[in-house]
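Asker: Below are the chains, spelled out letter by letter.
2 protein chains.
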Amino acid sequence: MSHDLREIAVYAPASVSNFGPGFDCFGLALERPGDTVSARLADVPGVRVESIEGLCDGIPLDSDRNTASVAAAAVWSSVEDPPAPGLILRIHKGVPPGSGLGSSGASAAAGAAVAGHLYQELTSRSIDDRVIFEAALDGEAVAAGTRHADNVAPSLFGDFVIVRRGEPTQFARFHPKLECWIAVVKPDISISTREAREVLPETVPLSDAVTNWSNSATLVLGLLQGDAELVKESLHDSIVEPRRAKLIPGFDDAREAALGAGALACGVSGSGPTLFALATEESVAKAAARSITKVFRVGGLDSWIEVSPISPLGARRV
Amino acid sequence: MSHDLREIAVYAPASVSNFGPGFDCFGLALERPGDTVSARLADVPGVRVESIEGLCDGIPLDSDRNTASVAAAAVWSSVEDPPAPGLILRIHKGVPPGSGLGSSGASAAAGAAVAGHLYQELTSRSIDDRVIFEAALDGEAVAAGTRHADNVAPSLFGDFVIVRRGEPTQFARFHPKLECWIAVVKPDISISTREAREVLPETVPLSDAVTNWSNSATLVLGLLQGDAELVKESLHDSIVEPRRAKLIPGFDDAREAALGAGALACGVSGSGPTLFALATEESVAKAAARSITKVFRVGGLDSWIEVSPISPLGARRV
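Listed in order, the protein sequences are those of chains P and L.
Just so you know, we're using my numbering here: the first sequence kicks off at 2 and counts up by one.
Just so you know, we're using my numbering here: the second sequence kicks off at 2 and counts up by one.
Hint data in this document are derived by calculation from the structure and do not stem from the laboratory.
Keep in mind it's a predicted model, so treat the numbers as computed, not measured.
Mixed in with the good hints, there may be bad ones.
[What the hints assert, rightly or not] Partial pick of chain L residues on the chain P-facing surface, computed with a CB cut under 7 Å:
(1) Asp25
(2) Cys26
(3) Thr204
(4) Pro206
(5) Val211
(6) Thr212
(7) Asn213
(8) Ser217
(9) Thr219
(10) Val221
(11) Leu222
[Stated by the list, open to error] Calculated pairs, DMTMM-like style, for lysine to aspartate or glutamate (alpha carbon to alpha carbon, straight line, at most 20 Å):
(12) L:Lys287 x L:Glu180
(13) P:Lys247 x P:Glu199
(14) L:Lys287 x L:Glu257
(15) P:Lys178 x P:Glu230
(16) P:Lys247 x P:Glu196
(17) L:Lys178 x L:Glu283
(18) P:Lys233 x P:Asp160
(19) L:Lys233 x P:Glu168
(20) L:Lys178 x P:Asp228
(21) P:Lys178 x L:Asp228
(22) P:Lys233 x P:Glu282
(23) P:Lys233 x L:Glu168
No residue lacks a Cβ here, since even glycine has one placed at the ideal position from N, Cα and C.
With these hints in hand, go ahead and build the complete structure from the sequences.
Answerer: In C-alpha cells form, the structure reads like this:
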C-alpha cells in the first residue's frame, strides 16, 4: 500500500466571533473565505508542514507553532494504531491572518479535520467529534494562547454557535431561520491581539451587563424565529465593541454607511480590524460592503471584502 | 342604560422574573396563582377600590397607591369618551404580596386589562395593547418605584418574556417548545425590596457577565428547541442570585433538594423569598416543591406552594 501517494484535502471556513452582544461566546461560520489543508501519510514520526500558500503572511511553517499541524498532531496522537507514524500537510490560507475572522481557528479546524478524515478513510474506524474538536482547540491555543472555541467551533461544525463556559468546552449550535448574508470588510491595518485584549474592561456596570444579556437572548430568539426587526434591535454591544472600534479609524462612519445601505447591523468581527455587516439579502450585504469600503477609502485605507451566507457546513472534504 | 350594574372581571397570573441568568429581563407567566380585578362604572370621577380580598395583607385601598386602580385610571384617562367618569374596582389577591412572584405587577395587569375590556365592551372601540401595557407599567411604578416590565409583561400577555432595555419599554415574547412545569415555594419570611436591591453589585467582573450572556442565549435556545439538557446547564446565575439567596435561610439545601427530586433547575423568583423549580413533568415539579418545603420545615419555616405550567395566556376575562 503506497501511503505516501494518498492525499486528501479539507476546507474549513472563516468565522465571525463576538457578533454584537455575544463577546467571547457567539461565533458563526461563513461560507467564504476559508482555509484548505491537505494531508498525506509520512513514514517519519510527527506532522510536518510542507508548504503554505495564499494569505500566509506571518504564518509559521514550524510545526510546533502552526495551528493546523498542532491540531493534526493532536488527532494523530490520540487515535489508536495510526496508519503511518507521521503526516505531511500542505496549507492554503484563504482567511487573512490577524483579521478578526478566526484565521488561526480555521486552520486548526482544517488541520484536525483532515487528519481525522485521513485516519477514518484508511482504517475504516470512526473518531468522535469531541476528539477532533479538542485537537482543533489545541491548535488554536498555540496561536491564541487560550483554547477559545468561538472561532474553532463554527469553523469545524458550521452554523451559529454559542460557546458555554467551563471545562470541558461545550457549545450549542443552531441554524438561523432568518436568511443571513454577512459582508466582511478588512481595512488594511493591523491590530495586535495584545492591543485588542488590553482595551477590555475588567469589570462592567451591572446595568450594561443586563443590556447585553437581554440583547444576547433576543438576538438568538430573532435569529431562530426569522424576526429581522428583533435581530436589528438586538445586535448591539456597549461593553467591548466601542473600545475595540476605537482601534479602527473611521469605524463609526463605516458603520453608519453600512446601516445606510440597508444592513440590519454592523460591528467588529472578533478583535478586528474586520467589520461585519448583516443583511437578509445578498445584494444588500454587497451594497453595505461597498459603502464601508468607500469610507475606508476616504481615510486612505484599502479594504479586502467578502460576502457570504452563514454556512450550515463547517470543515468538509474538498 | 344602567351602567352601574354592569361588572366584568379579569384574571392576571403571577410571574417568575429574573429566572436564572436573566436578571432584570426574563419573566414568565404562571397559570396559578393570579389576581382577579372586577370593575364597574361609576358616576363619580376617578377610580375607587371598593374591596380587597384574599392574600391582601398590606395592599393599600388608597386608589393613588393601589397598583390596580392606578393602572385602571391610566387606561381611563387615555381613552376617548369613556362611558362613565369613573370606575369602581373589587380586587381578589391570589398572589402573595412581597413574594417575588410579581404580586404588584399581576394586580396592575389585571387593573389595566379590566378597564380596557370594560371600555371596549361598552363602546365597541378597540384599545391598542401598548396603551394597556403602559397603563399597567404606571400601576407597577407606584408599588415598585420603577416601570419594570419583567413581571407586568408576562402577567399581561402570558408566555416567556425578554424585556429589552430603553424607552419606550419593549419586549419579545415566545412560548417554549419545552414542556415547563414551575413549582413556586414561598417560605414564611419577608425580604424588603430595599434589602433585595441593596445586595446588588454595581459592577460585575467581565468574565461573570460573559457567563450570564452565554447562559441567557443558550437558555432561550434550549427552551425554543425543547432541549431539557441545555436548559438545565444554562439556568444559572452567578451574579445576582447568590447574593439574594443569602437572604433566604436554607436556600442551598432547598435547591439541592429540588434538584435531587429531579428538577432541571431551582432558583430565586424575582427578589425572593419565593424559590422556583423547573421540571418537564407536573409530578416532578410537585415532588420538587415538597422537597423544598421539607427543607424549610426543618428550619422552622412554613411554606406556601403552587405548581403550574408556563401560561400562554396573560390577563383574561373570567
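Asker: Would the hint on L:Ser217 be counted as holding, given a Cβ-Cβ threshold of 7 Å to chain P?
Answerer: Given a least distance of 4 Å, the restraint on L:Ser217 holds.
Asker: Given the hint that L:Lys178 pairs with P:Asp228, test it: the Cα-Cα distance must not exceed 20 Å.
Answerer: holds, 18 Å
Asker: For a C-alpha distance cap of 20 Å, please report whether L:Lys233 and P:Glu168 respect it.
Answerer: holds, 16 Å
Asker: Tell me if the straight-line CA distance from P:Lys233 to L:Glu168 falls inside 20 Å.
Answerer: holds, 16 Å
Asker: Closer than 7 Å between Cβ atoms is the bar; does L:Val211 clear it against chain P? Give me holds or violated.
Answerer: holds, 5 Å
Asker: Would you settle whether the hint for L:Leu222 is holds or violated, based on the nearest Cβ-Cβ distance to chain P being less than 7 Å?
Answerer: Holds. Min distance 5 Å.
Asker: Would you settle whether the hint for L:Val221 is holds or violated, based on the nearest Cβ-Cβ distance to chain P being less than 7 Å?
Answerer: holds, 5 Å
Asker: Holds or violated: P:Lys233 and P:Asp160, Cα atoms, limit 20 Å.
Answerer: OK: P:Lys233 and P:Asp160 at ~19 Å, within 20 Å.
Asker: Sort out whether P:Glu282 lies within 20 Å of P:Lys233, counting only the CA atoms.
Answerer: It holds: about 14 Å lies between the C-alpha atoms, which stays within 20 Å.
Asker: Let's test the interface hint: is any C-beta of chain P closer than 7 Å to that of L:Asp25?
Answerer: Holds, because the Cβ-Cβ distance from L:Asp25 to chain P comes to roughly 5 Å (cut-off 7 Å).
Asker: Do the numbers back the hint for L:Thr212, that is, is its least Cβ distance to chain P under 7 Å?
Answerer: At about 5 Å, which falls below the 7 Å cut-off, the nearest Cβ of chain P leaves the hint on L:Thr212 intact, so it holds.
Asker: Would you mind confirming whether the straight-line C-alpha gap from P:Lys247 to P:Glu196 stays at or under 20 Å?
Answerer: holds, 11 Å
Comparing the model with each earlier hint shows no violations; every hint is respected.
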